[in-house]
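From first to last, the protein sequence lines stand for chains A and B. If you read the first sequence in my numbering, its first letter stands for residue 187, the second for the next number, and so on. If you read the second sequence in my numbering, its first letter stands for residue 81, the second for the next number, and so on.
If you're looking for bench data, these hints aren't it; they were derived computationally from the structure. Be a bit skeptical, because a hint or two may be false.
[What the hints assert, rightly or not] In silico EDC-like pairs for lysine to aspartate or glutamate, Cα to Cα no more than 20 Å straight-line:
hint, chain 1, residue 1, chain 2, residue 2
1, A, 214, B, 160
2, A, 286, B, 106
3, B, 93, B, 82
4, A, 215, B, 160
5, A, 215, B, 138
6, A, 286, B, 153
Because the structure is a prediction, the values reported are computed rather than measured.
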Amino acid sequence: MNLEYENSFEIQGGNFQEAGDISVFIKKKLQNLGVAREILRRVAIAVYESEINIISYASKGIIHISISPESVVIDAEDEGPGIENIELAMRAGYSTATDKIREMGFGAGMGIPNIMNCSDKFTITSELNKGTHLTIIINISNNDAEKNR
Amino acid sequence: MDILDAKCLVGRKRLNMEVGTAFSADLLSDVLAFAKAGSLLLTGLTNPQIVRTASILDIAAIILVRGKIAPDETLRMADELDIPMLSTRYILFETSGRLFMHGIKGCVEKVGSDTYVTL
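Take the sequences, apply the hints, and build the full model.
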C-alpha cells in the first residue's frame, strides 16, 4: 500500500457553502488508502473544524495535508484577525461567533477543543490582525488500525 | 417511522436498518464533538452543512424535528452523500423520548470531565 499523499487547499473566508469539501475529499482519500475508520474520522473532524474556523473568521486560508505511513499532518494557516486569548479559545464552550456563524449551526465553542481531542499532537500560534496557524498531527499506526476493526 | 409519525424525505430504500444509538443537537460543533458513527442524528437544522457533518461522522440517518422540511439543496446533498433523511412533527424532546422508550440510547450518556482541557 502506497500511503503517501500531499496537497494544499485554498479556502475563502465567508464561503460557508463549501465548508466540509476538503474534509469529505480527504476522508475518501484515506478510506481508499485503507486507513482505519477511527483514524479517518478523527482526520475528517479536525479538517472540517479547521475549514469552519477559516471560513467563519478569516479572509482566506490554506490547509496543507500530508499523509505518510506514520501520520497525517494537517497545517491550517489563515490570514485573519488572529485569536486574542488562545487559552480561552481552547476552552470548551468559549466562542466569539457572530450571529451569521451561529445561524449556520456553528459557533458552539467546541472547534478548537474538538480539534485537540482528535489530535495526537496539536500546536496553535496566532498573531493579532495577522492570522492563526494550527498544526495537527494524527498518528496512523498498525496497532490502532487493528484495534478499531 | 411509525413511532415518530415521520415522513421520509430522502433515502427510502436504505431505511431498513438497525440503529442502537442517537444524538440530538442544534449545534454542529457539538454534533462533531460527541456523535458516534452509526447513530441517528436528531436536529432542527436544515442547512446543507448538517448533511456534510453527518457524512463526515458516518451518521446512519438524520431526523429533522419540529416539522422541518429541508431546502432542496440539503435534500440533494443527502441524496448525493447517501444519507437518509426523515422529518417528524414532534419536538426534539418528544422525539428523543419516544426513541429512548423504544430502546435507542444516547451515543454518550454524559460528557467526561477530562474530555477537554480546562484552563
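Original post:
Has the given pair, residue 215/A with residue 138/B, been kept, meaning a C-alpha gap of at most 20 Å?
Top reply: With a Cα-Cα distance of about 15 Å, the restraint between residue 215/A and residue 138/B holds, given a limit of 20 Å.
Original post:
Straight-line Cα separation of residue 215/A and residue 160/B no greater than 20 Å?
Top reply: Given pair residue 215/A, residue 160/B holds - Cα atoms ~17 Å apart, limit 20 Å.
Original post:
Taking 20 Å as the top limit, are the C-alpha atoms of residue 93/B and residue 82/B close enough?
Top reply: The given pair, whose Cα atoms are some 16 Å apart, holds under the 20 Å limit.
Original post:
Is residue 214/A within 20 Å of residue 160/B, Cα to Cα?
Top reply: 14 Å, holds
Subject >> Given pair status - residue 153/B, residue 286/A, alpha carbons within 20 Å >> reply: 19 Å, holds
Subject >> Restraint status (C-alpha distance of residue 286/A to residue 106/B at most 20 Å) >> reply: 15 Å, holds
When the structure is compared with the earlier hints, no violation turns up for any of them.
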